Amino acid sequence: MKIAITSTGNSLESKLDQRFGRCAYFIIYDTETKGIEIIPNPNKDVEEGAGPASVNLVASRNVKKIVSGAFGVKIKSLIDSLKIQMIVLKETDKTVQDIIDMLNK
Amino acid sequence: MSPRPIRIRKVSKPPVVSGFKPFGNKNTEKNKSVFLHYEEYEALRLCDYEMLNHHQAAVLMDVSRPTLTRIYSRARQKIAEALVDGKSIIIEGGKIYFDSDWYMCENCGCNFNHPVKTEEIKFCPLCKSNKITNIELGEEYDENYKPRCDDICICPECGYEQPHQPGRPCKNEICPQCNNRMVRKGTPHSRKFNY
Chain A
13 MKIAITSTGN
23 SLESKLDQRF
33 GRCAYFIIYD
43 TETKGIEIIP
53 NPNKDVEEGA
63 GPASVNLVAS
73 RNVKKIVSGA
83 FGVKIKSLID
93 SLKIQMIVLK
103 ETDKTVQDII
113 DMLNK
Chain B
52 MSPRPIRIRK
62 VSKPPVVSGF
72 KPFGNKNTEK
82 NKSVFLHYEE
92 YEALRLCDYE
102 MLNHHQAAVL
112 MDVSRPTLTR
122 IYSRARQKIA
132 EALVDGKSII
142 IEGGKIYFDS
152 DWYMCENCGC
162 NFNHPVKTEE
172 IKFCPLCKSN
182 KITNIELGEE
192 YDENYKPRCD
202 DICICPECGY
212 EQPHQPGRPC
222 KNEICPQCNN
232 RMVRKGTPHS
242 RKFNY
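As you go down the protein sequences, you meet chains A and B in turn.
Heads up: the first sequence at position 37 corresponds to 49 in my numbering, and the numbers run straight through without jumps.
Heads up: the second sequence at position 142 corresponds to 193 in my numbering, and the numbers run straight through without jumps.
Bound-form chain A, shown alone (with noise of 0.2 Å):
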């Protein structure tokens, strides 16, 4: 199954990006292959529409569950019809490494 985090940086040891649509680095983590696959979010710097285009590149990748921040109310209800979790971490100072440990226990 994959799970998509939300980063700050292209690294394990960034933390988590508090924002889904316009979040620097999204790592997509394989919990079978402990595969790792980093992309850096092409929706940065956009205007409007960051959300909607940024489910679309994770949902290609067919993750199963996302981790971030917070989800805006646009992508809320899109992501609920793809059948994708959302788990929100709020206020968290936990790296992307912490939350695989976390994901691996």
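Just so you know, the hints here were simulated from the structure itself, not pulled from any lab data.
Just so we're clear, the structure is a prediction, and the values are computed from it rather than from any experiment.
For glycine and all other residues, C-beta sits at the position ideal for the given N, C-alpha and C.
A few of these clues could be false.
Stretch by stretch, here's where chain B covers chain A in the computed footprint (C-beta under 8 Å, at least three residues) [to be verified]: (1) 75-89; (2) 95-104; (3) 111-117.
Each computed SDA-like pair below joins lysine to any residue, with the alpha-carbon atoms no more than 25 Å apart [claimed, not checked]: (4) Lys86/A with Gly145/B; (5) Lys95/A with Lys129/B; (6) Lys95/A with Ile142/B; (7) Lys27/A with Ile142/B; (8) Lys179/B with Ile40/A; (9) Lys61/B with Lys27/A; (10) Lys179/B with Val100/A; (11) Lys129/B with Lys179/B; (12) Lys61/B with Tyr37/A.
Each pair of labels, with its calculated beta carbon distance range [unchecked claim]: (13) Ser115/B with Glu25/A: 46 to 54 Å; (14) Pro214/B with Leu94/A: 29 to 37 Å; (15) Gly21/A with Ser115/B: 54 to 62 Å; (16) Asn223/B with Thr104/A: 48 to 56 Å; (17) Gly218/B with Asn22/A: 57 to 65 Å; (18) Pro54/B with Asp57/A: 29 to 37 Å; (19) Asp57/A with Gly218/B: 49 to 57 Å; (20) Lys72/B with Ser23/A: 38 to 46 Å; (21) Tyr211/B with Gly84/A: 48 to 56 Å; (22) Asp57/A with Ser180/B: 33 to 41 Å.
Position chain B against the provided structure of chain A, taking the given hints into account.
Positioned in the frame of chain A, the structure of chain B alone reads:
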């Protein structure tokens, strides 16, 4: 002027089947079907299966009551057409989204939703803790809600004070010490009495 955008209707779960076919097709219009939208299916389910009134159903679907009534009447019209003309019913389309429940994990403090309704959720998807609680993110009407108010009723004669009860005019309150009608403290009206 462009029309107002359509409000996206909330549907709690998709129907178990994607349509219905007529049985024993004699003299029926072959290959004809009516397209029942998801929102119409949901309105029918809430009003006729769950036996809710239109107002309750409208709140659940996140639309206004008149809109719900329009969706519902369209649903009945389409189903009547299918029954009378022997058409098949295909449930698809409509401007909707599927709503899911939100949960909170007490161990790691995360919130998460539950998109696949057929499986029961027992563990936090992040830390695998079983201390999870269901939370309502939407605003719901709370029957026990009482408005809070820090105002004080004051007696203009003796200066006796008591907390103001919201919804009860101060002039209906009687001072227990001198049986006078009370006024709201701090208003221009009460300042006339030097309190």
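Outcome of the hint check:
no.	hint	in the structure
1	75-89	holds (count 3)
2	95-104	holds (count 9)
3	111-117	holds (count 4)
4	Lys86/A with Gly145/B	holds (17 Å)
5	Lys95/A with Lys129/B	violated (29 Å)
6	Lys95/A with Ile142/B	holds (19 Å)
7	Lys27/A with Ile142/B	violated (44 Å)
8	Lys179/B with Ile40/A	holds (20 Å)
9	Lys61/B with Lys27/A	violated (34 Å)
10	Lys179/B with Val100/A	holds (15 Å)
11	Lys129/B with Lys179/B	violated (46 Å)
12	Lys61/B with Tyr37/A	violated (31 Å)
13	Ser115/B with Glu25/A: 46 to 54 Å	holds (50 Å)
14	Pro214/B with Leu94/A: 29 to 37 Å	violated (52 Å)
15	Gly21/A with Ser115/B: 54 to 62 Å	violated (46 Å)
16	Asn223/B with Thr104/A: 48 to 56 Å	holds (52 Å)
17	Gly218/B with Asn22/A: 57 to 65 Å	holds (59 Å)
18	Pro54/B with Asp57/A: 29 to 37 Å	holds (33 Å)
19	Asp57/A with Gly218/B: 49 to 57 Å	holds (52 Å)
20	Lys72/B with Ser23/A: 38 to 46 Å	violated (56 Å)
21	Tyr211/B with Gly84/A: 48 to 56 Å	holds (54 Å)
22	Asp57/A with Ser180/B: 33 to 41 Å	holds (37 Å)
The structure shown violates the earlier hints numbered 5, 7, 9, 11, 12, 14, 15 and 20.
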